[in-house]
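Enquirer: Each chain is listed here by its residues.
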Amino acid sequence: MGGAQYFTGTDYLLSLPIILLTLFALGILLIDLMIPRELKWVNAATAFVGVLFAAGGLVRIQLAQAELMLQGERVEWAFMHSMIMDHFAIYFSYLFLAGAAIAILMSVRYLEIEHEHHGEFYSLILFSVVGMMVMASGFDIVLIFIGLELMAISTYVLVGFLRSDKRSNEAALKYLLLGAFSSGIFAYGLSLFYGLTGSTNLVNIGIGVQRELTARHNHASPILVVALLTTCVGLFFKIAAIPFHQWLPDAYEGAPTSVTGFMSVAVKAAAWAMLLRILIWGLYPMRKVYLPLLIFVSIVTMTGANLAALTQNNLKRLLAYSSIAHVGYMLLGLVAFASVDYPDAAMTDGLKGILLYLLVYTFMNLGAFAVVTSLRQRDVIGDEIDDIAGLFSRAPTEAVLMLIFLLSLAGIPPLAGFYGKYFIFLSLMESGHYVLASLAVLYAVFGLYYYMRIANAMFMREATDKTRLPISVAMKFALGVSAVATVYIGIFPERFIKLVTWSAGL
Amino acid sequence: MPQNYIPIFIFIAVVGILIPITLLAAKLVRPDNPNRAKLSPYECGVDPIGASRGRYTVRYYIVAILFVVFDVETIFLFPWAVKFKALGMFGLIEMLIFLAILVVGYVWVWQKGALDWV
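In order, the protein sequence lines correspond to chains A and B.
1 is the number of the first residue of the first sequence in this note's numbering; add one for each residue after it.
507 is the number of the first residue of the second sequence in this note's numbering; add one for each residue after it.
These aren't lab readings, by the way, just hints derived from the structure by calculation.
Among the hints, erroneous ones may be present.
Derived lysine to aspartate or glutamate pairs resembling EDC-like cross-links, with alpha carbons at most 20 Å apart [unchecked claim]: (1) A:K40 - A:E112; (2) B:K618 - A:E120; (3) B:K589 - B:E579; (4) A:K166 - A:E384; (5) A:K466 - A:D379; (6) B:K618 - A:E38; (7) A:K166 - A:D250; (8) B:K618 - A:E116; (9) A:K466 - A:E384.
Residues of chain B clear of chain A, computed beta-carbon distances all greater than 12 Å [as the list claims (entries may be wrong)]: (10) D553; (11) Y566; (12) D577.
Treat the numbers as computed from the prediction; the structure is a model and nothing was measured.
Glycine is no exception: its CB is placed at the ideal position from the N, C-alpha and C atoms.
Build the full structure now, drawing on both the sequences and the hints.
Expert: Set out below in structure tokens:
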């Protein structure tokens, strides 16, 4: 017996939320086999408890880290430097759990109406959250890629969950094909970085890239540029920036509405966590090389998405294009980050802006999708703009909440969405990108127009169906949490600004 | 280093030139005498029956997927078996956890009826 100690207790402690979620996901699969059709809500409850346990695991990690910090010991690295549970990873893990929890609450009644209430749904949501956490905490490109695939494969199945619905099947197939394609390009880029630097760890990749650049007087060699380009294309596919966005409107339209909400916040946040990890932590020395690429993609994304959203008549497609537009704004924060050198306020404000944006976006966008989800009735599909017409007379509270979410998405103060945009625009001004900043403000006005089209339909138009809209308790809870968070972050932003400053490790 | 790739480019060039030459030479040298039996697609010596785009039951896909899943499991078991002594108790427990996760999947597949051929 060698008696070799491969993993230590810290490794298991730092992966506690991931382990707990996996156990709950497996448990749901087994419990689902034993319970009758009427009791399927038990699976939702189990999944919700699983999310709470995972959050408890995160708290446990934080307590342990704080305790060891007093003894002057930093406990963040796990599994031989292939995983890091730093503030950034913990912050994103909480974000994923919040997104998953609200999506679970939204799903219960919706799946019953669709006659597709199966335990696998909740199991897949938890598995995809496991993948997301691995993406946010992975510091080794192989581990990050495995996390990405775990998340993506679970999401492909979730998108196609309405088996008898043609649109859902079509969406799943498109998403699968384009997702697999982009993962291939991404893996190719990562393999080139491994070939160039001889390591799969982001720290060593950063050092290797720096050495390569210094050797050539800060000029990137062609092979380095190819590696960067393919990696960035993969990343842009995952966050759905134009011109790599084509899968998104179709996938969002066809997917079950609660899954669309989940994808637009948690899956997107995970892709952002991965992008920031690779571009900021790993490829930091190359930031001057990818800066023009970021500027180009962010301008094209804002332009294309805002113009396309103007003409959409389907609520889910409209919100899909609006989510692409938000990606464009968030990329501007990265532009500000990449265009200055270390001790500059623009750098911290840019990163803070992205993190805060993702936080507020989680709540306001899930809230908007929760309202769209509740429009689905026994005989109404409820995702056209005509279906939301006259919502004020059918469900006044919901209509007012939807207005709050829409105004927040448009970035009107004093709602949460304003602070996301505020820090991004501020960082742009600080880094001297005045043209980009004014362009972004112009497109924010475009955004106001198409969000107000929905508001116009809700308040000014007559309802075709005058019956009151039934809303389940779980959905009320989901709506309440999203609305309170959207308003609260907007009115008392200081605490959340501190939170993102903490999470960025600044 | 770019110069390390030179042999690969030489290979590509050789392949690009050699194949057209051999095909062209064969075309010039061989006797050209097609008949019906020679031109028909090969299907174990008998005359081909039905269209080549035949449809078959979707169950084969489930069987194929299950095969891949449990086949990959064996790939992961193999290196552990080779290094069994060196990994010791740690390896055994890790492998049992891995197998436990797969058994959950197996039970699920079984109960869902994916293993019944009806």
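Enquirer: The structure should be examined with respect to each hint, and the outcome stated for every one.
Expert: A quick look at each hint next to the structure:
{"no.": "1", "hint": "A:K40 - A:E112", "in the structure": "holds (9 Å)"}
{"no.": "2", "hint": "B:K618 - A:E120", "in the structure": "holds (11 Å)"}
{"no.": "3", "hint": "B:K589 - B:E579", "in the structure": "holds (16 Å)"}
{"no.": "4", "hint": "A:K166 - A:E384", "in the structure": "holds (17 Å)"}
{"no.": "5", "hint": "A:K466 - A:D379", "in the structure": "holds (14 Å)"}
{"no.": "6", "hint": "B:K618 - A:E38", "in the structure": "holds (18 Å)"}
{"no.": "7", "hint": "A:K166 - A:D250", "in the structure": "holds (12 Å)"}
{"no.": "8", "hint": "B:K618 - A:E116", "in the structure": "holds (15 Å)"}
{"no.": "9", "hint": "A:K466 - A:E384", "in the structure": "holds (16 Å)"}
{"no.": "10", "hint": "D553", "in the structure": "holds (37 Å)"}
{"no.": "11", "hint": "Y566", "in the structure": "holds (19 Å)"}
{"no.": "12", "hint": "D577", "in the structure": "holds (17 Å)"}
This entry satisfies every hint, going by the numbered hints stated previously.
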